[in-house]
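Chemist: Model the full structure from these sequences, guided by the hints.
2 protein chains.
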Amino acid sequence: MKLLEDRIKKDGIVLPGNILKVNSFLNHQIDVDLLDKLAEDFKKSFDGVDITKIVTIEASGIAVACSVARAFGNVPVLFAKKHKSAALSDDVYYSTVWSHTNSCNYNIVISREYLSSDDKILLVDDFLANGNAMNGLIEIAENAGAKVQGICVAIEKAFQSGGDALREKGIHVESGAIIEKMSYNGDIIFRS
Amino acid sequence: MKLLEDRIKKDGIVLPGNILKVNSFLNHQIDVDLLDKLAEDFKKSFDGVDITKIVTIEASGIAVACSVARAFGNVPVLFAKKHKSAALSDDVYYSTVWSHTNSCNYNIVISREYLSSDDKILLVDDFLANGNAMNGLIEIAENAGAKVQGICVAIEKAFQSGGDALREKGIHVESGAIIEKMSYNGDIIFRS
Chain A
1 MKLLEDRIKK DGIVLPGNIL KVNSFLNHQI DVDLLDKLAE DFKKSFDGVD ITKIVTIEAS
61 GIAVACSVAR AFGNVPVLFA KKHKSAALSD DVYYSTVWSH TNSCNYNIVI SREYLSSDDK
121 ILLVDDFLAN GNAMNGLIEI AENAGAKVQG ICVAIEKAFQ SGGDALREKG IHVESGAIIE
181 KMSYNGDIIF RS
Chain B
1 MKLLEDRIKK DGIVLPGNIL KVNSFLNHQI DVDLLDKLAE DFKKSFDGVD ITKIVTIEAS
61 GIAVACSVAR AFGNVPVLFA KKHKSAALSD DVYYSTVWSH TNSCNYNIVI SREYLSSDDK
121 ILLVDDFLAN GNAMNGLIEI AENAGAKVQG ICVAIEKAFQ SGGDALREKG IHVESGAIIE
181 KMSYNGDIIF RS
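If you read the sequences in order, they're chains A and B. The UniProt record's numbering numbers the first residue of the first sequence as 1 and each following residue consecutively. The UniProt record's numbering numbers the first residue of the second sequence as 1 and each following residue consecutively.
Treat the hints with care, since some could be wrong.
Note: identical chains are not told apart, hence a pair may lie in one copy or across any two.
[What the hints assert, rightly or not] Pairs of lysine to any residue, SDA-like flavour, derived with a Cα cap of 25 Å:
no.: 1; residue 1: K37; residue 2: E58
no.: 2; residue 1: K37; residue 2: H172
no.: 3; residue 1: K81; residue 2: N132
no.: 4; residue 1: K81; residue 2: S99
no.: 5; residue 1: K81; residue 2: G150
Quick caveat, the hints were computed from the structure, so don't treat them as lab data.
Modeler: Written out as structure tokens, the structure is:
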């Protein structure tokens with residue numbers, strides 16, 4: 001999506017450690033209109049696909065998911081909560097996710113009440129890099145018996161292999177912008 | 001807002017400790033259409049008021065804030081991040097907030113880049129009870145020199161005194177539903 005690529009070029013800051021700072025429109029401050037336009041693009045890519053629920057992870061995924069839910073006819077958003085504690089109750093599905101940024105494991109949990117084998121879900125997030133968080137959501141979906149119809153992320157870092165590994169598994173992955181290469185004090189190159 | 005009151009009566013669950021569980025449409029699963037309608041109501045209450053930014057706290061405030069931002073002509077959303085660590089960098093405004101639910105202090109932080117004395121802001125959250133989180137956002141706004149034009153929350157627990165204390169300070173507070181009284185296994189009574 002050119003609008004998003006242009007915004008990343010204009011306002012994104014590449015930090016050491018392959019970090020792309022997009023706090024001015026996605027991760028801290030949010031441009032809701034940009035997300036709505038991105039969501040309309042996702043809807044076109046999944047035209048005719050039955051979606052009963054949008055599933056994401058707190059916190060930065062929520063804004064993207066709400067825009068996507070609206071574009072898909074106001075289906076419910078369901079966001080996985082992050083738990084540092086290993087103590088989990090029996091009424092949740094969970095998965096353990098490795099955080100590359102913070103070098104620690106954390107659990108993501110979804111209440112069993114809100115996800116079932118009747119659900120056909122679209123997984124949504126702000127970033128897709130190594131795919132750890134996304135694979136955690138997929139594990140939860142499998143445990144719930146829900147069908148993953150596809151994945152939509154705002155920004156994919158293709159030089160980390162999460163997105164392409166998911167595509168190789170046969171999952172339909174759409175990204176608003178796919179970054180092939182970026183470097184500290186250098187250019188950001190998008191997949192064409 | 002009758003639609004929200006009806007939804008709370010239908011799907012809200014009162015738990016011991018004055019906890020209202022609304023995980024099915026607000027805190028875990030989100031009904032985006034309901035939030036959009038609530039946001040339109042808030043817009044009517046603040047008709048003609050100049051708003052440059054919607055400010056909220058992660059995670060449950062983000063969905064409400066995105067709907068409100070849309071209703072106010074797509075002004076940016078800015079969400080405060082929660083930090084358990086006391087170590088904070090110089091480039092943030094912060095406030096220390098007491099969490100009644102978790103019986104601990106946490107810091108909320110907003111980057112100095114995104115809030116200034118030019119801003120006229122609307123504070124948004126999912127819940128208003130004792131007002132601790134809201135007072136934290138107000139402290140941050142004061143430190144940034146931003147003007148607080150008002151507060152919009154989905155659900156206010158009036159039996160805790162946060163909302164009325166803010167009104168007594170002269171702040172325009174709008175709540176989608178104001179609960180006067182609720183009890184475990186009992187009725188939920190709204191302010192008329």
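Chemist: Hint by hint, say whether it matches the structure.
Modeler: Here is how each hint holds up against the structure:
no.: 1; hint: K37 - E58; result: both (21 Å within a copy, 23 Å between copies)
no.: 2; hint: K37 - H172; result: within (20 Å within a copy, 32 Å between copies)
no.: 3; hint: K81 - N132; result: both (15 Å within a copy, 22 Å between copies)
no.: 4; hint: K81 - S99; result: both (14 Å within a copy, 17 Å between copies)
no.: 5; hint: K81 - G150; result: within (20 Å within a copy, 29 Å between copies)
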